[in-house]
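Q: Got two chains here, each in a separate frame; can you build the complex from them with the hints?
Residue numbers (the numbering used here), protein chains in the order written: chain A, 751 to 1273; chain B, 496 to 813.
By construction, these hints were calculated from the structure, which means they are not laboratory data.
Have a look at the derived ranges for each label pair, beta carbon to beta carbon: (1) B/T791 to A/W877: 55 to 63 Å; (2) A/A973 to B/H617: 43 to 51 Å; (3) A/P793 to B/Q736: 53 to 61 Å; (4) B/R552 to A/P793: 36 to 44 Å.
Every residue, glycine too, gets a C-beta built ideally from N, C-alpha and C.
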Amino acid sequence: MNNQQQSLWQFMRQEHEKLLQQTIEHLGLTFTSLLLAILIGLPLGIWIARKKQFAGSVLGFAGVLQTIPSIALLGFMIPLLGIGPKPAIVALFLYALLPIIRNTFTGISEVNATVKEAARGMGMSSWQILFKVELPLAMPVLLAGIRTATVINVGVATLAAFIAAGGLGEFIFGGISLNNTNMILAGAIPAALLAIILDFLLSRIQNLSFKKIKVFLWLLPVAMLLLSSFYFIPNLGKGKLLAGFTPEFMGRRDGDLGLREIYGLKIKTVVISDAVMYKAAFEKHLDVISGYSTDGRLKAFDLTILEDNKHIFPPYYCAPVVRKDALQKFPELEKTLNLLSGTINDSIMTDLNYKVDYLKQSPEKVAHDFLVKQQLFRPSRNGKNGTVRIGSKIFGEQYILAAMYADLIQGYTNYAVATKTGLGGTKICFDALTNNQIDFYPEYTGTGLLVILQPPQKTTDSISGSKPKVYNFVKKMFEQQYALEWLKPIGFNNAYALMMRSKQARGLHIKTISDLKKYLQKE
Amino acid sequence: MIVAEHLRKDFGKTAAVDDISFEVKEGETLVLLGTSGCGKTTTLKMINRLTEPSGGRISVNGKDVLEQNPDELRRGIGYVLQNNGLFPHYSVAENMAIVPKLLKWDQQKISQRTKTLLEKLHLPEKYLALYPNELSGGQQQRVGLARALMADPPVLLMDEAFGALDPITRSAIRKEFKQLDEFKRKTIVMVTHDVQEAFEMADRICLMDAGKIKQIGTPAELLFNPADAFVASFLDDQRFQLELKAVSLNDLWERHASFTGIKSVPFVSSESSVWETVSIIQKNNLKQISIHQPKTDSWKQTSLKELMDAFFTLQKSA
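Excised from the complex, chain B in its bound form (with noise of 0.2 Å):
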């Protein structure tokens, strides 16, 4: 869906982006994950062209970017930013009607969507008349996001979405949004340097430093298998924690025979992580949960201990 080869960025005689390669597949999400100025949030916006490259080759859905007029480009690539970018001038209707009116839609379209979006995104339609300054910064970041899945781009890309938002209200709206199947469906180039918000809401993380990718690979790859030691240290603070988000009840299906078919309820989905289990244990105070593992559609059993065994057992072999 989104394949970039040997691109770079020079601001200057420094380059910002060193000879990056990747690629996304379609409806993956890949967390650009590094330390201001690693270069990240410049190869996001190579990608709409935004910046420039100065060499290499950028291609979204097989076309070539820089063969595209750069304003038709970006009407079709959703683009959502650090502090939400709403205009202050326009009321939320109508900052959710931009892109749409871009594309010259026709209004009962237009409201058509609007509607559709707001009651998906959990916001009265009583917020249409508001303007942003008359919303708190949750709900704005809400019709950020709103404004970005309009037109339903097949392509979003997020700088540092959630990064204005306190920690509480950040992770809320990040687990909403990571339910919503708009969300599902899309190709993502998410940057952010949050540890936590890359575990949670990446299929692949691309961690960088200085310009240069220093690994890409699912979460548990670059926990369990990191390419040197800067990987390893660069996770190293939240290890615990990140293991427990980066490992899924599936990573432990075959392995441990301590599950066994009961079908109950409470159940989660065997794509939960260890982490979002424990904690939906704690919270309910269960002795025991289900699993349920769609691919197969079969059923097992687990406590919390067991849980912390095999995840224990996981964490050693690897």
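One chain only, chain A, in its complex shape (with noise of 0.2 Å):
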């Protein structure tokens, strides 16, 4: 929470230079995919005025590209354009498309038809008759197309962040997975007020009387290539390797912060998120990612971690926390779910998360499978001596842990099971055990030290190189603050990493983070 004492000002002022960058970015992206939608939509809705029977079809097909989410626009765009400015700008201008298309449409065919025939009967050719008579007395309506265009594009455009396209969403979503007010608000405010003067602007030109529309129809273009060229220039450079961090990742210390600090690792980075991370590094448009050391798509993608030799990311060993009185409650407890304890490194773990995430298998049958093999597997007692309430959050590991958990429970005790899984977050899980909606759920050390108990930074520096000075810190900690035992960690440790594809990393003899930090100090 140190963050949030420091006042939205100090924030913005302390981070202008990336503000100034994200805006800039941000009306880059607008403006850019403006002036393509522009540039196509104008002929098209010209061309479908004149040829009424393709109205139909065409709008038709925009209003089908406006209704997909924007999100998976984004998506479907990484396997055709990869990541980064090309696939956003594309996303961008499909959604801009059909306000200016049905704009154009609609103020060309509402244009008086008395004053088009005398225009005709006066000698007017075709092209005199769009350029002098349709298209000026159109042009309130399409600029107020134009103006519903810029207006969804600036929202949409936060959206670019999640694929390495830069924008004001890097705060945004950064601020949103650190919970950091003040980060969300440098990005949001300046996004809303962006929307907000271009829209009061265009709206003043589309006001305008006939004669003074005619500037600004010159001025209009001009200033949007003006405004879409500024993000092109600070994207010239480019170095050796290219990493794509999540926003949360940028803004933590254990994260991009500490990396620059304690490695003095200097590389070109975009944002994104981690949706996508993994398999845009697969496809080579990512060589470094900050991603999960247990997530299963690192073995998906064939994805190798770096050694953090310098121990900057603190551990993330998961174990049990148990309700005190819970423990009481059900004597056989604690035993039973330490009987899992040292059953599962990283790599097991990895390959366990693959087969739900990648292989769609079900939780529970991975779950089963595993315990099965480690000879651990007993068939249920059926047992009627009260229930225990298991929680987990809301992604496949913490389901599959649930799901060993039960069946432990089951075979191994008279207590029946109650799962309660897909909690959402770690507030979520939290609030429902100190609430007594469940009994336990399995937590991380590293998320129990920042996310709850949040301590300030010199103790968090003084133990988080270390992985039994992490579990006895939050055991001590979540003992007094809140009666919860944190029980035997399970072994894994799903931490943050930097990963590399293999294949590179193997090739450019890379095997820890100062090995890259050498690679990319080397001409």
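A: What follows is the structure, encoded as structure tokens:
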């Protein structure tokens, strides 16, 4: 919560370079795509106004594009165009098309038929009619379309941060992941202001008289080109390797900040959503990514973790966190839960995750198969001696662990089991536990330290390099503050990690983060 | 000047214009008259190729219109529409300059011509900077007429040109327009459904129905010599007034001795209709009015009673 004490203004001043960069990127994305949409949409709108029989299908198609959820559209673009500005611009372009085509079509169709006939009757050619009569008279409607498209694009452009295209979304999504309100607002307020200001300016142009509008019609495309060009200037330089980090990773001390401070790592970086990050690395759009060490996609996409030889990523060892009163109520519970301890290391967990996330096997089946293989499985005793409530967060690894614990409790004790899986994020799961909605759930030491306890920076720095120190600290603090017990760690460490494609890492002889730094410093 | 031969226009399977032939002489005004859907507007628009004929020939000034570039053809033919068709985003001056600019006139020639026409149409020069929506309906229509006359085309096509105006403004502008020497020199084809308007403006009327010509002739011919029952019944409602409009003082000139050659003021031209003469007599409460026949430069005189007697005698003999 340290960041909360800092005022929004302080945050914005401190991050003003980033803020400016993101705003320029945002404008660039918005206007590049808008310009493209005008270049394509305007002639298309004119064409369907002339050939009305095609109007239905063209408008229908543009309408369907509009209904695709923005994040899905961005997702579709990645296999085709990779990551970065290209897919973002294409996606925004597709969104801007409908208002522009539709308003061009409507504007031109609504030009008074008598005026058009008068123009023809006086001997104007159809091009003269288009440029001297139809377009000027359709201009207010047309500008309304451009205005709508602009506002839509400013909004959707925030999502560009998910696919490494930059923009104000970097702050917004970084802020959400880090639970940092100032950071969210530092992105959201400028984005909203951009939308409001652009909408206002365009509405002024729209309401100008015919005489004055002529001047602005030349200014508008020039201004758009200028604004879009800003975007491409800072992107000209290209490094040896390209890194893609999540917005959350970018803002964390045990993330990008630590990499810079402790390793002195200087790598060209883009911000990207973890949903597409692994695939982008696999498809060679990115070389280094910030992943989770037990993610199933590590195996699916043949990625290698770089060793954190200076220990900047705190350990995220997983262990069940149990209510003290539950341990008393169910005396067999502690012993049973500890059965799992020491059985799952990083690579086993990665493999289990791979089966669920990538091979789409059910978590229950994966849990069952694993217990059978480890000879831990026992058929259910259908116990009636009270019900143990198991919670889990909303991702595959937690589902697998919850299923294993359920099997173990049913097989080894006379207790019944109720699972409450998919309890959203850490906050929701932890609140359910302290409010006696569940009896235990699997938690990670690093999360307990940084998200729940949030001790002063000094304390964190002093312990975060060591697995036992962190474990002992959270165990002690949880007991004191919340009457919760950390049982024995299961064994795997689902921490942040830098990863590269295995083949590339081998080829460049990069095994540790320091190796990466050395490679980047070489000529 | 304008010759149409076996003109036809099909929309799908129905013929909007069905084998029409007519001729408009230089300087003549031909009014295409008929109810909505009779094909009069379609006929008009085929002259400047806003509608392409399905068959037949039209020539203007001896040149087949179908062999000319349509845009160039139209630049040489004045065109006035109902609702004036002024460009709302152009000022009055810009509207009037459209055709001259298409014809690549220089700016000086354009402004000179604009001034001349404004004067003739009684429009103050300050209107030039105004936009159409800042003018009244009557003023807009005047500008519309001025625009059509700018390049001084020999042929003028008018499609219900006064149709959108209220009756009083309409008849005022009509009268004004008729007086214009610009107008008198032109070969005009005019479409209207207003019988009164047709009788006021026409040298000859072409009465149409269901795509065919029922009768072409002078107003008097249509009234007193209808080709069939349709023509007669078409005019029946307003017959008396029309007859007063159709008969000119010239028509009564030789027939009646009641005109004696005393020259005095006020006077009217013998080309005036009985209708116009009666309204002048009544408006000014005149006992006697002199009549001047320009052709022979001779003078006669009449009173209201004598005029009406002469008119009724003519009517009976018809």
